[in-house]
Amino acid sequence: MRRSLFIFIVAIVGTGILVSLGKWQVDRLAWKQDILAKIDARIQDPEIPLPLTFDAINDKYQSVVFDGRLRGDFIRVLASLKNVGAVNKVIAPVLVGDRTIMVDLGYIKEVNIASLSLQGTVSIKGNLHWPQEVDGYTPEPDKNRNLWFARETTAMAAHFDAENVLVVAKSLEPKPDKLTLMPLDTSGIPNDHLNYAITWFSLAMVWIAMSALFIWRTRQKVK
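Residue numbers for the sequence shown follow the working numbering, so the first one is 5 and each next one is one higher.
Since the hints were derived computationally from the structure, they do not count as laboratory data. For every residue, glycine included, the Cβ atom is placed at its ideal position computed from N, Cα and C. Take these hints with a grain of salt, some might be off.
Label-pair distances were calculated between CB atoms; the ranges are [to be verified]:
#1 Leu40 x Asp139: 16 to 26 Å
#2 Ala118 x Asp139: 23 to 33 Å
#3 Arg46 x Glu177: 17 to 27 Å
#4 Leu40 x Lys113: 28 to 38 Å
#5 Pro143 x Phe10: 49 to 59 Å
#6 Leu40 x Pro178: 31 to 41 Å
#7 Ala60 x Thr142: 19 to 29 Å
Given these sequences and hints, build the entire structure.
In C-alpha cells:
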C-alpha cells in the first residue's frame with residue numbers, strides 16, 4: 005500500500021512538471037508568433053528614403069528605397085537552398101552619392117557566377133538588416149576565390165569600406181541576368197515551440213501510463 009502511494013505521488017509530481025513545461029512552451033509559442041507577426045508587418049511597411057544614420061536595433065527590417073550605382077565588385081557567400089541546391093549569395097556595394105551601401109542582391113548558381121556583371125545605375129527597394137551568421141565553426145573567407153561562408157555585416161562593411169548595414173533587396177531595377185532576389189521574411193526564424201509542447205505533453209501521457217502500470221503491478225504482487 006505504501007509503495008503504491010509513493011508511486012502515485014511520484015506520478016502526480018512528474019505529470020505536473022511535464023504538463024507545466026508543455027504549458028510554458030504553449031505560452032512561448034504565442035509569444036513567438038506575436039514577434040513574427042510584428043516582424044512581418046515591419047518588413048511590409050511602406051518604404052522610406054535611405055536614412056542618413058542607422059540603428060541596428062530600432063531600424064532592423066525597416067523598408068527603404070533609393071537609387072544608386074553598382075560599383076562593380078561583389079563577394080559571394082556560399083549557401084544551400086531547399087529544392088535548389090548550392091548557390092552563391094551576392095553581396096555588392098552600391099554608391100549612393102558619396103556613401104557606399106552594401107546590398108544583398110539574392111543568389112546566383114555557381115555555373116553562372118563567372119558571367120555576372122554588376123554595372124550601372126539601379127533602383128532598389130529592400131529592408132535594413134544586420135546578419136551575423138558566423139560562429140566558431142565558420143571558416144575564414146577565401147579571399148583568393150572571393151568566397152565567404154557566412155554573412156557578417158561588420159566584416160563585409162570593412163571589406164567594402166562601406167557603411168555598417170546591409171540592405172536585402174526585394175526589388176531591383178534593372179535586375180542583372182541570372183540573379184534571383186531573396187527578400188527578407190520570417191521563414192528562416194526558428195519557431196519550434198509547438199513541437200516542444202507536443203513533446204512535453206506526450207511525455208506526460210507516457211509518464212501517467214507507466215505510473216499506472218507500476219501501481220497495477222504493485223497491487224498484483226500484494227494480492
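Here is what the structure says about each hint:
1. Checked against the hint of 16 to 26 Å, the pair Leu40 and Asp139 passes, with Cβ atoms roughly 23 Å apart.
2. Take Ala118 and Asp139: their Cβ atoms lie about 30 Å apart, and the range 23 to 33 Å holds.
3. A C-beta distance of roughly 23 Å is found between Arg46 and Glu177, which places it inside the suggested range of 17 to 27 Å.
4. Look at Leu40 against Lys113: about 30 Å separates their beta carbons, and that is inside 28 to 38 Å.
5. A C-beta distance of roughly 55 Å is found between Pro143 and Phe10, which places it inside the suggested range of 49 to 59 Å.
6. The given range of 31 to 41 Å is respected by Leu40 and Pro178, whose C-beta atoms sit roughly 33 Å from each other.
7. In this structure, Ala60 and Thr142 meet the distance hint of 19 to 29 Å, their C-beta atoms being roughly 20 Å apart.
The earlier numbered hints are all upheld by this structure, with none contradicted.
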